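Keeping the supplied structure of chain A fixed, place chain B upon it in accordance with the hints.
2 protein chains.
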Amino acid sequence: MITTTIIGTGNIARHLYRVFSQSDEITVSQVAGRNSAALKYFGETATLLENGTALVKSDIYFLAISDDHIFEVSELVNDSKGVVVHTSGSVPMQVLSNHTNYGVFYPLQTFSKQRSINFKEVPICIEANTEKNRSLLSQLAMSVSDQHYYIDSEQRKSIHLAAVFANNFTNHLYHIAHSICAEQQVPFSILSPLILETAAKVSEAAPYEMQTGPAKRGDLKTQERHLSLLEGQLEKDIYTLLSNAITKTHQNNQP
Amino acid sequence: MITTTIIGTGNIARHLYRVFSQSDEITVSQVAGRNSAALKYFGETATLLENGTALVKSDIYFLAISDDHIFEVSELVNDSKGVVVHTSGSVPMQVLSNHTNYGVFYPLQTFSKQRSINFKEVPICIEANTEKNRSLLSQLAMSVSDQHYYIDSEQRKSIHLAAVFANNFTNHLYHIAHSICAEQQVPFSILSPLILETAAKVSEAAPYEMQTGPAKRGDLKTQERHLSLLEGQLEKDIYTLLSNAITKTHQNNQP
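Residue numbers (the working numbering), protein chains in the order written: chain A, 1 to 255; chain B, 256 to 510.
Isolated chain A, as found in the complex (with noise of 0.2 Å):
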């Protein structure tokens, strides 16, 4: 049995608590959190945080919380036997060197409060400072998700910006696509396959080999007649910038 206990009660320190308290191979012994109206999710392993505080003594401390925070938050451990980890996908290992045993859990995916997530698809990014260490989050990783990887720092800074690049901008555009729609009275649920599609895709091909549409084809004259329907400069900045970027990097690819 693994003990551990999460220190947070945001998205991911809910969804870490439901997964773990599902686990028959891991106990949450305790939820610590300054935030006494959030806690009330975690019901009677929740503790309110303050001065002196006593954390419960777990094999596993998460440090669920936001990046600017852990390494102030991380100095409430005081336990030289227990695996402190945070869960950022941006922030080193490092910050956490000023303990015995340290390591990162980085749950790869985009949590929101209103939706459940199959937590055996979320591949699970680790890193510790021992091999000991390692193999106790591998060990972890493995009664919740059917996916972990041994991710460096270094790794674990690139992917974090490509999920910004795969997630955040994405939705962004999806949000634009959805003003489009809501501008001319379309529902934007029209696009929902053609999203989904995308998005299946390239888990079968590389993303270069899927791009298709007007800028790909060096098509100017459906470019223009796309910029003149935009009506905001940020959108037609943006549809100028990413019509120009495809064209770029499939200029030797034209059909």
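Rather than coming from a laboratory, the hints here were simulated on the basis of the structure. Do not rely on the hints blindly, as some may be mistaken.
[Unchecked claim] Computed list of lysine-lysine pairs in BS3-like fashion (alpha-carbon distance at most 27 Å, straight line):
| no. | chain 1 | residue 1 | chain 2 | residue 2 |
| --- | --- | --- | --- | --- |
| 1 | A | 236 | B | 471 |
| 2 | A | 201 | B | 503 |
| 3 | B | 375 | B | 295 |
| 4 | B | 312 | A | 201 |
| 5 | B | 368 | A | 201 |
| 6 | B | 491 | B | 503 |
| 7 | A | 157 | A | 132 |
| 8 | B | 312 | A | 216 |
| 9 | B | 375 | A | 248 |
| 10 | A | 113 | B | 471 |
| 11 | B | 336 | B | 312 |
| 12 | B | 368 | B | 336 |
| 13 | B | 312 | B | 387 |
| 14 | A | 221 | A | 157 |
| 15 | A | 113 | B | 412 |
| 16 | B | 476 | B | 491 |
[Unchecked claim] Cβ pair distances, simulated, as ranges:
| no. | chain 1 | residue 1 | chain 2 | residue 2 | range |
| --- | --- | --- | --- | --- | --- |
| 17 | B | 370 | A | 234 | 26 to 36 Å |
| 18 | A | 36 | B | 266 | 49 to 59 Å |
| 19 | B | 266 | A | 232 | 37 to 47 Å |
| 20 | A | 38 | B | 487 | 51 to 61 Å |
| 21 | A | 120 | B | 487 | 27 to 37 Å |
| 22 | B | 277 | A | 248 | 34 to 44 Å |
| 23 | B | 308 | A | 220 | 26 to 36 Å |
| 24 | B | 385 | A | 228 | 22 to 32 Å |
| 25 | B | 503 | A | 208 | 24 to 34 Å |
| 26 | B | 277 | A | 3 | 56 to 66 Å |
| 27 | A | 29 | B | 479 | 36 to 46 Å |
| 28 | B | 347 | A | 35 | 54 to 64 Å |
Since this is a predicted model, take the numbers as computed values, not measurements. The beta-carbon is built from N, C-alpha and C at its ideal position, and this holds for glycine as well.
Chain B in isolation, oriented as in the chain A frame:
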């Protein structure tokens, strides 16, 4: 039984041919094209289009060809009874107004040779010059898909533009994410669950509500770190422009 002629041999022609052939209510009388190699896919219905080739009389003629050739090729159809339709997102219906009966049958999906599509889930955008023709196109749409919409040429132009954002541009962001992973020897497949979840989310709530990430939070420190990781100027420009767009869109909604 609805009889059809397909003119063209590309991806859309192939998908229409396949799905029409599988329907008990539709007959493909002929597939006509200029590319004899591509015509082989269409078996006995294939007809090489040369000067003076006569088209078989049909209820509906599909011009599944590139936008620029729709007007010219439509002149080959010499039938005042059959409905002449194109399958393009961006070309107005009126390009076919030399005919007595005409319309548009635009399947809103990204078609590639490699992947089979469940046509039942493809939204069909229909437009026609008369009620009767619209009703015939509806009947055809219903026999191959679970959803069709009456969409006029103005709306269709906007849908096509929205699709460029949701498909073409999104795919290019996937390509950038792919390159970032490749540089760090990380398999791109690590991002697949994130990409699929990002796409699935917006079927349930507006993309605006689903936005996350450093630009949404106004987290400039992370944005600077990300910019320093990017090597290409074009990628830096895309990062900056999309981050600014997200920040601006959500500026009254910071946490």
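Decide if the proposed pair is consistent with the structure: residue 113 of chain A and residue 471 of chain B, CA atoms, cutoff 27 Å inclusive. Holds, at about 17 Å.
Pairwise hint evaluation, residue 336 of chain B against residue 368 of chain B, where the allowed Cα distance is 27 Å at most: Since the Cα atoms of residue 368 of chain B and residue 336 of chain B sit roughly 33 Å apart, the hinted pair is violated (cutoff 27 Å).
Between the alpha carbons of residue 157 of chain A and residue 132 of chain A, is the straight-line distance 27 Å or under? Holds. Residue 157 of chain A to residue 132 of chain A sits at ~24 Å (cutoff 27 Å).
Hint consistency between residue 236 of chain A and residue 471 of chain B [alpha-carbon to alpha-carbon, up to 27 Å]: Holds: residue 236 of chain A and residue 471 of chain B sit about 20 Å apart, inside 27 Å.
Holds or violated: residue 201 of chain A with residue 503 of chain B, Cα cutoff 27 Å? violated (31 Å)
Return holds or violated for the Cβ distance of residue 29 of chain A and residue 479 of chain B against the range 36 to 46 Å. holds (38 Å)
Range first: 56 to 66 Å. Now tell me if the beta carbons of residue 277 of chain B and residue 3 of chain A are that far apart. holds (57 Å)
Holds or violated: residue 113 of chain A and residue 412 of chain B, Cα atoms, limit 27 Å. Since the Cα atoms of residue 113 of chain A and residue 412 of chain B sit roughly 36 Å apart, the hinted pair is violated (cutoff 27 Å).
Could you tell me whether the CB distance from residue 38 of chain A to residue 487 of chain B stays inside 51 to 61 Å? With a Cβ separation near 41 Å, residue 38 of chain A and residue 487 of chain B fall outside 51 to 61 Å, so the hint is violated.
Take the C-alpha atoms of residue 375 of chain B and residue 248 of chain A, compute the straight-line distance between them, and say whether it is at most 27 Å. With Cα atoms ~36 Å apart, residue 375 of chain B and residue 248 of chain A exceed 27 Å; violated.
Using the beta carbons of residue 277 of chain B and residue 248 of chain A, state whether their distance is inside 34 to 44 Å or not. Between residue 277 of chain B and residue 248 of chain A, where Cβ atoms are some 41 Å apart, the hint holds.
Would you mind confirming whether the straight-line C-alpha gap from residue 491 of chain B to residue 503 of chain B stays at or under 27 Å? OK: residue 491 of chain B and residue 503 of chain B at ~18 Å, within 27 Å.
Checked against the numbered hints above, the structure violates hints 2, 4, 8, 9, 12, 14, 15, 19 and 20; every other hint is satisfied.
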